[in-house]
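Chains as they are written, first to last, in this note's numbering: chain A, 370 to 642; chain B, 370 to 642.
Think of the hints as simulated: they come from the structure by calculation, not from any bench.
One or more of the hints may lead you astray.
Same chains, same label: a pair holds when it works inside one copy or across any pair of copies.
As the list claims (entries may be wrong) - In silico SDA-like links for lysine to any residue, alpha-carbon gap of 25 Å or less:
#1 577 - 421
#2 454 - 493
#3 577 - 417
#4 559 - 527
#5 454 - 480
#6 580 - 569
#7 588 - 607
#8 577 - 428
#9 454 - 528
So you can see what is in the structure, the chains are spelled out below.
2 protein chains.
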Amino acid sequence: MTTIGLIHPGAMGASVGAAGTHNQHRVLWADADRSNETRERATRGKLEDCNSVANLVSESDVILSVCPPHAAEDVASEVIDCGYKGIFVEGNAIAPARSHVIADRITAAGARFVDGGIIGGPAWQAEAGTMFYLSGVDAPEIAALFDGSPLHTSVVSDQIGSASALKMVFAAYTKGSTALLTTILAVAEKQGVRANLEQQWGEAFTQKTHKQVAGNTAKAWRFTGEMEEIAATFAGAGFSDGFHLAAADIFSRLKDFKDTPATSIDQVLDELS
Amino acid sequence: MTTIGLIHPGAMGASVGAAGTHNQHRVLWADADRSNETRERATRGKLEDCNSVANLVSESDVILSVCPPHAAEDVASEVIDCGYKGIFVEGNAIAPARSHVIADRITAAGARFVDGGIIGGPAWQAEAGTMFYLSGVDAPEIAALFDGSPLHTSVVSDQIGSASALKMVFAAYTKGSTALLTTILAVAEKQGVRANLEQQWGEAFTQKTHKQVAGNTAKAWRFTGEMEEIAATFAGAGFSDGFHLAAADIFSRLKDFKDTPATSIDQVLDELS
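Given these sequences and hints, build the entire structure.
Structure follows, in structure tokens:
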């Protein structure tokens, strides 16, 4: 039995923690904020509250970092500052170069590092198909923790950075194409040719696009940072970062839909007009 | 019967000219270069060679400009310099603001101006579904020339710029998403995670994407200018030009496939490595 620690469990993190309990591992959580939502998620996931990050770090064999991209370094710092010596799994949507930077800090502090990237939504049921990609020499050990659980795992390679790279190139299309379609509709609306564009697209593609664009607005605020990470990944590989800096821009213009998502395409285009 | 002039008929232009002959209009062509390919296309389209641009301009009631985006101003200049007073149809993939600039020059010279944008491939058969979108006060007159021909027409509005805007927002997705997918595969290859990405995508999406990316390479060289026009269209509407400047960049890296298109995805990725 392994003790797994989860700092600040969000919607995704709590489901990953819950999957960790599947094989009778002990999964701890600790959160400075302790909002009701965090507590409810932790309870749903059968996570054990250990009261402080210091306790969590001292008791955990494995710590999973699952947080918004901008917070990845801070989570690693919290863990290092508490003197952690176990395996740190960096599971966030960050550029491989940033994963390397965090890996260097973690290993310099005497802990071990596994790179990770999650593709899909929260992993409460196996049917959700959520994949936890892992890389690094200790990746197989982490994958084994979730054997048979609702969270599917796959070891990409023994190299730090591969799991992050995979997450980046996958999200580059799903979220990048949504950003592109959102911007196209906004430009078409501004130019007074949206109805013509939609007629040329045809009913099926138009309806699918409206659903995709409006359905994305609740999450747009937190995709901005991820788009910047993808942009950095592309630039790091020698290609233009323009697609995803543009995607970050359009998502940032939709940030006010965080709590009250758009229910129609017209609402999205009003916001962008 | 109307006399229609077509300068430098390319693959698309010749088919548009051929559609013009459907209603027994006389369609003239003239080309300084007179390559064998141009001559063959003109012959196929039943276009009448009038030997010089000066003759074409003096005999035509309507002149159709159908050329690569970078050449649009030059074609308009040639026509203006020959003292043209008929209707000039700007049918190219250019930003609406550029169409306005050309319109101002054409009308200042005493001719009339119709904005246009072609969506689809060459219009040799009606089944190809090629659409010639037109806008401006004289647009219905131009549309009527092609009644019942293999080239479908649609009047977008009486405003200069709408037809160009429609062409831009439509191509923004078809070509923009191809550019994005091409770049994603190149980054994935560089990061050593292409096989993993394709497994996550699944067989159907991967095969479709390979076909789309490799099938685009023959045309990539001439899409660079069009991507820059779309970028200008987005910027002009107050949105980021990043998507399509990035698209222009990746297409420019594929320019050497002009005469010998890639036959496999591996060939495309070799070129980009």
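- Structure versus earlier hints, numbers of those that do not hold, lowest first: 1, 2, 3 and 8
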